[in-house]
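Undergrad: If you want the building blocks of each chain, they are given just below.
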Amino acid sequence: NAGVTQTPKFRILKIGQSMTLQCAQDMNHNYMYWYRQDPGMGLKLIYYSVGAGITDKGEVPNGYNVSRSTTEDFPLRLELAAPSQTSVYFCASSYMSGQGAGYTFGSGTRLTVV
Amino acid sequence: AQSVTQPDIHITVSEGASLELRCNYSYGATPYLFWYVQSPGQGLQLLLKYFSGDTLVQGIKGFEAEFKRSQSSFNLRKPSVHWSDAAEYFCAVGANTGNQFYFGTGTSLTVIP
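Chains as they are written, first to last, in my numbering: chain D, 1 to 114; chain R, 1 to 113.
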């Protein structure tokens, strides 16, 4: 059982480049989330989705975009990378609204923008 | 507004000693409370959760936490720490609207032999 799979694990981007962080889950969870983790700051919600075709902004959505065309996949897009987006990104999923279930997390993508 | 405070940035304990990690929250209603553990280079793993009922909840790996409404706290405890418990621990509170958790800034645990 793979759970939540994130790719790539590491990436270095130059300022202004774009990239997509991939997230896939095989648990048939409706709810999926993207968080970023900065040192000493905890986790901040970027975007979330309550099902295929439905997405919404979280606490820190600026500079990011998402799509949810299938239940399994929830990619995160960075269009014009900035140094402020250097962070560790975590994708998570849950079978019901997060406050009722808790999350299953992926192992993260460490992104550096130079 | 909801918030979570973990007052201890870093804690060091000896293997076999007891452990208590503090978590205080700010929330207007009965919160949903969680503790997660993050090993180096890994994602977060759910240790335990509290929704209602018995205020002492048991989790995985021998951890427990106690919800104290009067103190707005949800402290994590373990009677005897193992070297493999060295990790980062996060407390989180679930909002009753929307789909957002609020995470604390984490407590890093070091276990010495």
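No lab work stands behind these hints, which were simulated from the structure alone. Here a beta-carbon is modelled for each residue, glycine too, at the ideal position from N, C-alpha and C. Please note that a few of the clues may not be correct.
Here's a subset of chain D near chain R, in silico, CB distances under 7 angstroms, partners left out [what the hints assert, rightly or not]:
hint: 1; residue: Pro39
hint: 2; residue: Gly42
hint: 3; residue: Ala82
hint: 4; residue: Pro83
hint: 5; residue: Ser84
hint: 6; residue: Val88
hint: 7; residue: Phe90
hint: 8; residue: Gly102
hint: 9; residue: Phe105
Residues from chain D that face chain R, not an exhaustive set, calculated with beta carbons under 10 angstroms [to be verified]:
hint: 10; residue: Ala2
hint: 11; residue: Pro8
hint: 12; residue: Lys9
hint: 13; residue: Tyr35
hint: 14; residue: Met41
hint: 15; residue: Leu45
hint: 16; residue: Glu59
hint: 17; residue: Tyr64
hint: 18; residue: Arg68
hint: 19; residue: Tyr95
hint: 20; residue: Thr104
hint: 21; residue: Gly106
hint: 22; residue: Gly108
hint: 23; residue: Val113
Undergrad: Of the numbered hints stated previously, which ones are contradicted by the structure, given in increasing order?
TA: 1, 3, 4, 5, 6, 10, 11, 17, 18, 19 and 23
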